[in-house]
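Chemist: Listed below, chain by chain, are the residues.
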Amino acid sequence: MKPPQSCPQTGELINKLLAATDNEAISMQNDPHLTGCPHCRFVIDQLTADLEKWQQQGPGTIAIDPTARIKSASANSGKLQPILVKVAAIAAASVLTGLIVSHKLIPASGPTYRDIAADYTLELSTDDSFPIDYFNEE
Amino acid sequence: MMTEKQLTDALRRRDEAAFRELILRFQPITARVIFKITGDKEETPDLVQEVFVSIWEQVKNFREEASLSTWIYQLSTNKARNHLKWKKLRTGFRLSWQSEQAQPPAGMNHSLNMALEMFERKDDENAITMALQQLPHNQRTAFVLSKSEGLSNPEIAAIMKLSVSSVESLNFRARQNLVKILLPYYNNKKS
Ligand SMILES: [Zn+2]
Numbered sequence: 001m002k003p004p005q006s007c008p009q010t011g012e013l014i015n016k017l018l019a020a021t022d023n024e025a026i027s028m029q030n031d032p033h034l035t036g037c038p039h040c041r042f043v044i045d046q047l048t049a050d051l052e053k054w055q056q057q058g059p060g061t062i063a064i065d066p067t068a069r070i071k072s073a074s075a076n077s078g079k080l081q082p083i084l085v086k087v088a089a090i091a092a093a094s095v096l097t098g099l100i101v102s103h104k105l106i107p108a109s110g111p112t113y114r115d116i117a118a119d120y121t122l123e124l125s126t127d128d129s130f131p132i133d134y135f136n137e138e
Numbered sequence: 001m002m003t004e005k006q007l008t009d010a011l012r013r014r015d016e017a018a019f020r021e022l023i024l025r026f027q028p029i030t031a032r033v034i035f036k037i038t039g040d041k042e043e044t045p046d047l048v049q050e051v052f053v054s055i056w057e058q059v060k061n062f063r064e065e066a067s068l069s070t071w072i073y074q075l076s077t078n079k080a081r082n083h084l085k086w087k088k089l090r091t092g093f094r095l096s097w098q099s100e101q102a103q104p105p106a107g108m109n110h111s112l113n114m115a116l117e118m119f120e121r122k123d124d125e126n127a128i129t130m131a132l133q134q135l136p137h138n139q140r141t142a143f144v145l146s147k148s149e150g151l152s153n154p155e156i157a158a159i160m161k162l163s164v165s166s167v168e169s170l171n172f173r174a175r176q177n178l179v180k181i182l183l184p185y186y187n188n189k190k191s
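Protein sequence lines, in the order shown, are assigned to chains A and B.
For the first sequence, my numbering assigns the number 1 to the initial residue and increments by one for each residue that follows.
For the second sequence, my numbering assigns the number 1 to the initial residue and increments by one for each residue that follows.
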């Protein structure tokens, strides 16, 4: 293996090529130092090739279909509306059913006079415990 | 072909044909930028797809202070940055776990050695791609937008939301770091 070769100007030339526009890079090929320094010529040729390859480099053919993603997103948001309508309808129906059931089965507004009267009908014939003194309270 | 303004308006109207045109027109840019910044061929398609879904979702809020292409470059570079942050977090966790078993030698120029190791391992990979992975994210982004996309410093400044002089200095530092990485690589290649 040959010992590593180097030139004090290589770094500066690499920097120059990295900063160069396409036209500047072309004209750099005629740099007087490069014509006389095989090491720098080698490095700059390699870097030029690598830079060109890198500029053209991409991830390759990529098959993406974000339209599917946005469609499924819109479909989901489209589905949301009928769901909300259903939920609202069920809630309204529950309230209505509740009202009807309560109206039909549960006494409308508390105990009626008849209910109270029935509860407190005194069966004087059987009930000996009527607090008679209550009425006689002085 | 629609102008960027017409395309933006059509996207706001949820025009799917316009969305397909947007993809045709901007997918190569998005893919190139994301791939070159992340160096991640496998993840790029998913990241590109996410950028376009973001465009569709956010176009209503897109204020036309910048051009559509500037905005797409912004979304792409941000997507790449977030992906790298996330990846770094995961790798950092793994490395910190591994480092309990194997500490790197003290005083070793870790990142440079890692770069050279990567060059050796993946000889078919491009030297620039490998070297760029060693650069801080903002230097890498500025370099990719300048050298690969051919954008001017004011254009890059608009995308990165920086001053033109900051972009100049980022590119200057990016080149300095690339020289540090590429010089030993090419010197070794010669030997
Ligand atoms: Zn030389």
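Hints are supplied without guarantee of correctness; some may be wrong.
To be verified - Taking lysine-lysine and the BS3-like style, the derived pairs with C-alpha atoms no more than 25 Å apart in a straight line are:
(1) B:K5 - A:K53
(2) A:K71 - B:K161
(3) B:K60 - B:K161
As the list claims (entries may be wrong) - What the simulated footprint calls covered on chain A by chain B, stretch by stretch (three residues with Cβ under 8 Å from a Cβ of chain B suffice, anywhere in the stretch; the number is not a length):
(4) 28-37
(5) 63-71
(6) 89-98
Hints in this document: simulated from the structure, not taken from any laboratory.
All values reported here derive from a predicted model rather than from experimental measurement.
Where is the CB? At the ideal position from N, CA and C, for every residue including glycine.
Chemist: Now look at each hint and say whether the structure bears it out.
Modeler: We went through each hint and held it up to the structure:
1. B:K5 - A:K53: violated (34 Å)
2. A:K71 - B:K161: violated (32 Å)
3. B:K60 - B:K161: Cα-Cα ~21 Å, so holds.
4. 28-37: violated (count 0)
5. 63-71: holds (count 8)
6. 89-98: violated (count 0)
When each numbered hint is compared with the structure, violations occur for hints 1, 2, 4, 6.
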